[in-house]
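Visitor: Which chain is which? The protein sequence lines are A and B, in order. Just so we're aligned, residue 1 is where the first sequence starts under this note's numbering, counting upward by one. Just so we're aligned, residue 1 is where the second sequence starts under this note's numbering, counting upward by one.
Just so you know, these hints were derived from the structure itself, not from any lab. Keep in mind that the hints are not guaranteed to be accurate.
[To be verified] FRET-style restraints, in silico, Cβ to Cβ:
| # | chain 1 | residue 1 | chain 2 | residue 2 | range |
| --- | --- | --- | --- | --- | --- |
| 1 | B | GLU149 | A | LEU187 | 13 to 23 Å |
| 2 | B | LEU111 | A | GLU180 | 22 to 32 Å |
| 3 | B | GLY29 | A | LYS270 | 44 to 54 Å |
| 4 | B | GLU239 | A | LYS270 | 14 to 24 Å |
| 5 | A | ASP274 | B | LEU254 | 17 to 27 Å |
| 6 | A | GLU180 | B | GLU181 | 25 to 35 Å |
| 7 | B | ALA215 | A | LYS147 | 28 to 38 Å |
| 8 | A | LYS147 | B | GLY179 | 20 to 30 Å |
| 9 | A | LYS197 | B | LYS263 | 45 to 55 Å |
| 10 | A | LEU187 | B | LEU111 | 15 to 25 Å |
[Unchecked claim] Listed next, the in silico DMTMM-like pairs over lysine to aspartate or glutamate satisfying Cα-Cα at most 20 Å (straight line):
| # | chain 1 | residue 1 | chain 2 | residue 2 |
| --- | --- | --- | --- | --- |
| 11 | B | LYS2 | B | GLU27 |
| 12 | B | LYS246 | A | GLU239 |
| 13 | B | LYS270 | A | GLU248 |
| 14 | B | LYS270 | B | GLU248 |
Virtual Cβ for every residue (Gly too), placed ideally from N, Cα, C.
2 protein chains.
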Amino acid sequence: MKIALDAMGSDARPAPDVEGAVMAAREFGLTIILVGDENKIKAELAKHNTTGLDLPIVHTPTEIEMTEHVDAVKSKKDASLNVAVKLVKQNQADAFVTMGNSGAAMAAALLGLGRIKGIERPAFAAVIPSGDAHVLLLDIGANAEVKPEYLYQFALMGSIYANKVMGVANPRIALLSNGEEEGKGTLVVRDAFALIKQSKLNFIGNAEGRHILRAFADVIVSDGFAGNVMVKTMEGTAETLIEFIKTEIKKRPLAVLGALLAKPAFDALKHRLDYAEIGGAPVLGVDGVTIIGHGRSNAKAVKNAIRVAKRAVEGNMLEAIRNGLQ
Amino acid sequence: MKIALDAMGSDARPAPDVEGAVMAAREFGLTIILVGDENKIKAELAKHNTTGLDLPIVHTPTEIEMTEHVDAVKSKKDASLNVAVKLVKQNQADAFVTMGNSGAAMAAALLGLGRIKGIERPAFAAVIPSGDAHVLLLDIGANAEVKPEYLYQFALMGSIYANKVMGVANPRIALLSNGEEEGKGTLVVRDAFALIKQSKLNFIGNAEGRHILRAFADVIVSDGFAGNVMVKTMEGTAETLIEFIKTEIKKRPLAVLGALLAKPAFDALKHRLDYAEIGGAPVLGVDGVTIIGHGRSNAKAVKNAIRVAKRAVEGNMLEAIRNGLQ
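Here chain A stands alone, though its shape is the one from the complex (with noise of 0.2 Å):
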């Protein structure tokens, strides 16, 4: 299998884009394409024991940065994130992974790959720590306004995708509302609702915003507004409550002895909440395996996000969104 990662991807790139190859190559025995500066490319794998590994180069002079409009895709052909696109397109790698500008990557997927036939609207997903498991939210951003049958086949991919890279066997299916009960949302919430419990799909009705880390579903389905909403909200009280509390125990000598006993407990917080252990989140819909990580991804989560595109490959991922629209 080959995976065509974007090694001008994350914010302190290509250094963990580079590492994070290298750890993949060797865990998963992969050969990992490294799209980017070739110089800048070659001192990092420097670095790193790379022996009897498959970490072949494609040279690009350019690359979208974290803050440019998404309409850079159109015009920089020949950015890292347009060719790494491009080498799936030609089936010269199986999947694409990037910890770019997460609205530049779904635009080059999007127009380099095209969407799934039958699929109405390409839907981006968050991958979320909950409970003891994971939730995977869809949409976050990708489609601010929505239509019934978008939900749906959001439902649909969602599903495919818990089961097939998520590892779980039968997903509950769950609509985000503004209360649980049937009836409650906005028109096209409701009709969303009428149409997924009429389908095969395992679902469990509407969702609200306090079960984000319930473990309440293994998927959460949502217009790209209240998704994105939820997912940047879920992050900023957890980052805002963190600093909160450090701020709070280093006011106090005793507190401060107090957290370092307590540490064990809270690495463990830590451990949860760790995005690197989850690596990145696709944009479903789109023809070709897209994974899109965080720019603040250190090697570990590139890793780990190649990961779980070599779990969608693996799945068939593709090919079981072609058969579930049938």
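Fit chain B to the known structure of chain A by using the hints.
Guide: Just chain B now, kept in the frame of chain A:
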């Protein structure tokens, strides 16, 4: 000033409701009309020193349960909620306060008091501790679907509430969206952005979910769907994280000792997140001061909800909204 308190509101009714009323009557020198089961209210009053306080009782034979459908507002005309609203309608009280079923309370206020002339849709707000201040988030569930004009009116009412009741000099107004940049969001949000921008309000642009606890704005305006998702995601995330830390600490003897030493730091967090300090949030746009608190309110929360009502009356909030519409 006279406040009509639904004494049968809180989960532990009427004990915290009555005790909170006693505290408020003494601290603020108000008349609190206790609406509910006379015998139960008298039994609670007997537990407190009420010498010199004005705490008349209006007996009602029935009440609306926390889990009852909102239709109960129409079928139970003599429920404590409806009777308390009626006292405001008939100018026998200056404000209506309840810890009860918030859907029913909103419906009772809307049916019993009507809308302020010119207001398209009333909105239900939440007051959230944010940084060293508070943020007013509205709507959090009264209107799953909105028009740009509704969002503009929410911004206007929120600005007036933040000024008159929360004491903010020139409230900063933000619009909830799926990105900070102008142009992000649904068509409705983008049109609302233009409307609010050209108004005299102190508009600072779009807010994202991650801003909720960051004192980014004094007022965040949203439709009732995304606003509901936001407030519930925040509450759910905070509760889950705190539970998780507690569970992990309990697993480790040294961490238990550490947690004891760090307790003052956690108490500071608890204080900051303590709903009882806030008391209640308004239904804005109905033609009467209406304050709704959490079902799980204690006496302090009830007292503070009454204080919120007092400030709204003293600040001539309703008059300010009427004037703001001109």
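Visitor: Does GLU27 (chain B) lie within 20 Å of LYS2 (chain B) when you go C-alpha to C-alpha?
Guide: Holds, at roughly 14 Å.
Visitor: Tell me if the beta carbons of LYS197 (chain A) and LYS263 (chain B) are separated by a distance inside 45 to 55 Å.
Guide: holds, 48 Å
Visitor: With the threshold set at 20 Å, check whether the alpha-carbon distance from LYS270 (chain B) to GLU248 (chain B) stays at or below it.
Guide: holds, 18 Å
Visitor: The hint says 13 to 23 Å between GLU149 (chain B) and LEU187 (chain A); measuring C-beta to C-beta, is that right?
Guide: holds, 19 Å
Visitor: Given a hint of 44 to 54 Å, does the C-beta separation of GLY29 (chain B) and LYS270 (chain A) actually sit inside it?
Guide: Holds, since GLY29 (chain B) and LYS270 (chain A) (Cβ atoms, about 50 Å apart) stay within the stated range.
Visitor: Just to be careful, I want the Cα atoms of LYS270 (chain B) and GLU248 (chain A) compared with a cutoff of 20 Å; is the pair within it?
Guide: The given pair, whose Cα atoms are some 11 Å apart, holds under the 20 Å limit.
Visitor: Falls inside 17 to 27 Å, the C-beta gap from ASP274 (chain A) to LEU254 (chain B)?
Guide: holds, 23 Å
Visitor: Between LYS246 (chain B) and GLU239 (chain A), does the CA-CA distance stay at or below 20 Å?
Guide: The given pair, whose Cα atoms are some 18 Å apart, holds under the 20 Å limit.
Visitor: Just to be sure I understand the hint, the distance between the Cβ atoms of GLU239 (chain B) and LYS270 (chain A) should be within 14 to 24 Å; is that true here?
Guide: holds, 19 Å
Visitor: A range of 22 to 32 Å was offered for this pair. Does it hold for the Cβ distance of LEU111 (chain B) and GLU180 (chain A)?
Guide: Because 25 Å falls inside the window, the suggested range holds.
Visitor: Could you say whether the range 28 to 38 Å given as a hint is met by the Cβ separation of ALA215 (chain B) and LYS147 (chain A)?
Guide: Holds - the Cβ-Cβ distance for ALA215 (chain B) and LYS147 (chain A), about 37 Å, lies within 28 to 38 Å.
Visitor: The hint says 20 to 30 Å between LYS147 (chain A) and GLY179 (chain B); measuring C-beta to C-beta, is that right?
Guide: holds, 21 Å
Consistency note: the structure conflicts with none of the earlier hints.
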